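Novice: Read top to bottom, the protein sequences are chains A and B.
Residues in the first sequence are numbered from 1 upward in steps of one, following the working numbering.
Residues in the second sequence are numbered from 1 upward in steps of one, following the working numbering.
Worth flagging that the hints you see were computed from the coordinates, not collected in a lab.
Treat the hints loosely; a few may be bogus.
To be verified - Which stretches of chain A does chain B cover? Using the computed rule of at least three CB atoms under 8 Å from a CB of chain B, they are:
id	stretch
1	42 to 49
2	63 to 75
3	93 to 105
As the list claims (entries may be wrong) - Simulated pairs of lysine to any residue, SDA-like, Cα-Cα distance not exceeding 25 Å:
id	chain 1	residue 1	chain 2	residue 2
4	A	K70	B	Y48
5	A	K70	B	T57
6	B	K77	A	L6
7	B	K70	A	G84
8	A	K133	A	D101
9	A	K70	B	K70
10	B	K70	A	D101
11	A	K70	B	H86
12	B	K70	B	G98
13	A	K70	B	V87
14	B	K77	A	Q55
15	A	K133	B	I5
16	A	K77	B	L131
17	A	K70	A	E3
18	A	K70	B	L50
19	A	K70	A	V27
20	B	K77	A	E46
21	B	K70	A	K133
22	A	K77	B	I5
23	A	K70	B	D54
24	A	K77	B	T45
25	A	K70	B	V44
26	B	K70	A	D52
27	B	K77	A	K70
28	B	K77	A	V41
29	B	K77	A	D52
30	A	K77	B	G98
31	A	K70	B	G98
32	A	K77	B	K70
33	A	K77	B	H85
34	A	K70	B	Q89
35	A	K70	B	Q55
36	A	K70	B	N43
37	B	K77	A	D54
Computed from a predicted model, the values in this text were never measured in an experiment.
Every residue gets a Cβ at the ideal spot worked out from N, C-alpha and C, and that includes glycine.
Number of protein chains: 2
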Amino acid sequence: MTEFILDERLARRPVAADWALSTVLFVDDSRFPWVILVPRVPNVTEIYELTDGDQATLMSETVRASRAIKAAFSPDKINVGALGHHVPQLHVHVIGRGRSDPVWPDPVWGPGEREPHAPVPYGDPGFEEALGKLRAALEAA
Amino acid sequence: MTEFILDERLARRPVAADWALSTVLFVDDSRFPWVILVPRVPNVTEIYELTDGDQATLMSETVRASRAIKAAFSPDKINVGALGHHVPQLHVHVIGRGRSDPVWPDPVWGPGEREPHAPVPYGDPGFEEALGKLRAALEAA
Numbered sequence: 001m002t003e004f005i006l007d008e009r010l011a012r013r014p015v016a017a018d019w020a021l022s023t024v025l026f027v028d029d030s031r032f033p034w035v036i037l038v039p040r041v042p043n044v045t046e047i048y049e050l051t052d053g054d055q056a057t058l059m060s061e062t063v064r065a066s067r068a069i070k071a072a073f074s075p076d077k078i079n080v081g082a083l084g085h086h087v088p089q090l091h092v093h094v095i096g097r098g099r100s101d102p103v104w105p106d107p108v109w110g111p112g113e114r115e116p117h118a119p120v121p122y123g124d125p126g127f128e129e130a131l132g133k134l135r136a137a138l139e140a141a
Numbered sequence: 001m002t003e004f005i006l007d008e009r010l011a012r013r014p015v016a017a018d019w020a021l022s023t024v025l026f027v028d029d030s031r032f033p034w035v036i037l038v039p040r041v042p043n044v045t046e047i048y049e050l051t052d053g054d055q056a057t058l059m060s061e062t063v064r065a066s067r068a069i070k071a072a073f074s075p076d077k078i079n080v081g082a083l084g085h086h087v088p089q090l091h092v093h094v095i096g097r098g099r100s101d102p103v104w105p106d107p108v109w110g111p112g113e114r115e116p117h118a119p120v121p122y123g124d125p126g127f128e129e130a131l132g133k134l135r136a137a138l139e140a141a
């Protein structure tokens, strides 16, 4: 039995919730409400490698995170994406996008992570406020 | 009861399979094996707007498409994404990516759809060959 170890690049992000399957991480980027779901299953890089039961749970947790972001931040659109080019450990992005956000209509990944589209941290006290709002919404969703 | 009508921008793409929930469209871009799943449910733009049953089916069909692409084209990584910035009708991209493909490690959407990352059509006879290979794999998966 291999133990699940969170990838160190993901582990730098604060935990917003711990659900049945996934740990929900918060991304410190004030441009978008953005969480990352990481199923706590060792050695998985693709959704299809999960058991059928875990696939269903990942879907319901993705939906729960989407509803929480919608409720708390009223985005125009939700993005859901599993890419894994930089961090192979399976993780699913759930991001609230606005038609007037600085990257719209492009995706937030890839070129969007480099200049001139680098992340914009919340700073203090925005970070704690956003994380608190998100945690409450994840709990309620 | 509203009837489902496939968005006209999606309808330009050839149908690779018709599954219980989703129509599977083939993207004519020889850089990557790429399909788009469109659940035949009217007036839905977000996964969370589907019923619980349809959400579960969408997950299992996404996994089936991923396995078919993996089996037929042996990519290094599968991308799964639901964005909907340009075409709001709910659709899920499933794309096989290679570490040496021309866009890696960036996502294929957004800036990747514009020059210098514009699509590269298969041409003749590559298009029919790729579509045939994909259809067989989707059937078998």
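Novice: Indicate, hint by hint, whether the structure satisfies it.
Specialist: Hints and how they fare:
1. Only residues whose C-beta sits within less than 8 Å of a C-beta in chain B count toward coverage, and the stretch 42 to 49 of chain A has 4 of them, enough to reach three; the restraint holds.
2. Coverage of a stretch by a chain is defined here by at least three residues with a beta carbon nearer than 8 Å to that chain's beta carbons; for the stretch 63 to 75 of chain A and chain B the count is 4, and the condition holds.
3. Chain B is given as covering the stretch 93 to 105 of chain A, and this holds because 3 residues of the stretch bring a CB closer than 8 Å to a CB of that chain, at least three being needed.
4. This hinted pair checks out: K70/A and Y48/B have alpha carbons roughly 10 Å apart, not beyond 25 Å.
5. Our distance criterion of 25 Å between C-alpha atoms is met by K70/A and T57/B, whose separation comes to about 23 Å.
6. With a C-alpha separation of about 19 Å, the suggested pairing of K77/B with L6/A holds against the 25 Å cut-off.
7. As the CA atoms of K70/B and G84/A are separated by approximately 15 Å, the hinted pair is consistent with the 25 Å bound.
8. At most 25 Å may separate the alpha-carbon atoms for a hinted pair to count; K133/A and D101/A meet this at roughly 19 Å.
9. Restraint check for K70/A and K70/B: not satisfied, since their Cα atoms lie roughly 33 Å apart, outside the 25 Å limit.
10. For the hint linking K70/B to D101/A, the alpha-carbon distance of about 35 Å lies beyond 25 Å, and the restraint is violated.
11. Using a Cα cut-off of 25 Å, the hinted pair K70/A and H86/B holds, with the two alpha carbons roughly 19 Å apart.
12. A distance of roughly 11 Å separates the Cα atoms of K70/B and G98/B; the hinted pair therefore holds under the 25 Å criterion.
13. Taking the CA atoms of K70/A and V87/B, the gap is about 19 Å. The hint holds against a cut of 25 Å.
14. For the given pair, K77/B sits about 18 Å from Q55/A by alpha-carbon distance, which is consistent with the 25 Å threshold.
15. Among the hinted pairs, K133/A with I5/B is inconsistent with the structure: their alpha-carbon atoms are about 38 Å apart, more than 25 Å.
16. For the proposed pair K77/A and L131/B, the alpha carbon gap of about 31 Å is over 25 Å, so the pair is violated.
17. Using a Cα cut-off of 25 Å, the hinted pair K70/A and E3/A is violated, with the two alpha carbons roughly 34 Å apart.
18. As the CA atoms of K70/A and L50/B are separated by approximately 15 Å, the hinted pair is consistent with the 25 Å bound.
19. About 16 Å separates the Cα atoms of K70/A and V27/A, which keeps this hinted pair within 25 Å; it holds.
20. Note on K77/B and E46/A: the hinted pairing holds, with a Cα-Cα distance of about 8 Å set against a maximum of 25 Å.
21. For the suggested pair K70/B and K133/A, the alpha carbons sit about 40 Å apart, so the restraint of at most 25 Å is broken.
22. With a C-alpha separation of about 21 Å, the suggested pair K77/A and I5/B falls inside the 25 Å cut-off, and the hint holds.
23. Proposed proximity of K70/A and D54/B is supported: the alpha carbons are some 20 Å apart, at most 25 Å.
24. Taking the CA atoms of K77/A and T45/B, the gap is near 8 Å; set against the 25 Å cutoff, the hint holds.
25. Annotation: proposed proximity of K70/A to V44/B holds, straight-line Cα distance about 15 Å (limit 25 Å).
26. Proposed proximity of K70/B and D52/A is supported: the alpha carbons are some 18 Å apart, at most 25 Å.
27. Taken as a hint, the K77/B and K70/A pair is broken in the structure, with Cα atoms around 29 Å apart against an allowance of 25 Å.
28. Using a Cα cut-off of 25 Å, the hinted pair K77/B and V41/A holds, with the two alpha carbons roughly 18 Å apart.
29. In summary, the hint linking K77/B to D52/A is supported, as the alpha carbons are separated by about 20 Å, within the 25 Å threshold.
30. Between K77/A and G98/B the CA atoms are separated by roughly 29 Å; this puts the pair beyond 25 Å, and the hint is violated.
31. Under the criterion of a C-alpha separation no larger than 25 Å, the hint pairing K70/A with G98/B is inconsistent with the structure, at around 33 Å.
32. Note on K77/A and K70/B: the hinted pairing is violated, with a Cα-Cα distance of about 29 Å set against a maximum of 25 Å.
33. The hinted pair formed by K77/A and H85/B meets the criterion: a straight-line CA distance of about 8 Å does not exceed 25 Å.
34. A distance of roughly 18 Å separates the Cα atoms of K70/A and Q89/B; the hinted pair therefore holds under the 25 Å criterion.
35. With a C-alpha separation of about 17 Å, the suggested pairing of K70/A with Q55/B holds against the 25 Å cut-off.
36. Proximity of K70/A to N43/B is assessed by CA-CA distance (about 18 Å); at most 25 Å being required, the pair is judged to hold.
37. Note on K77/B and D54/A: the hinted pairing holds, with a Cα-Cα distance of about 20 Å set against a maximum of 25 Å.
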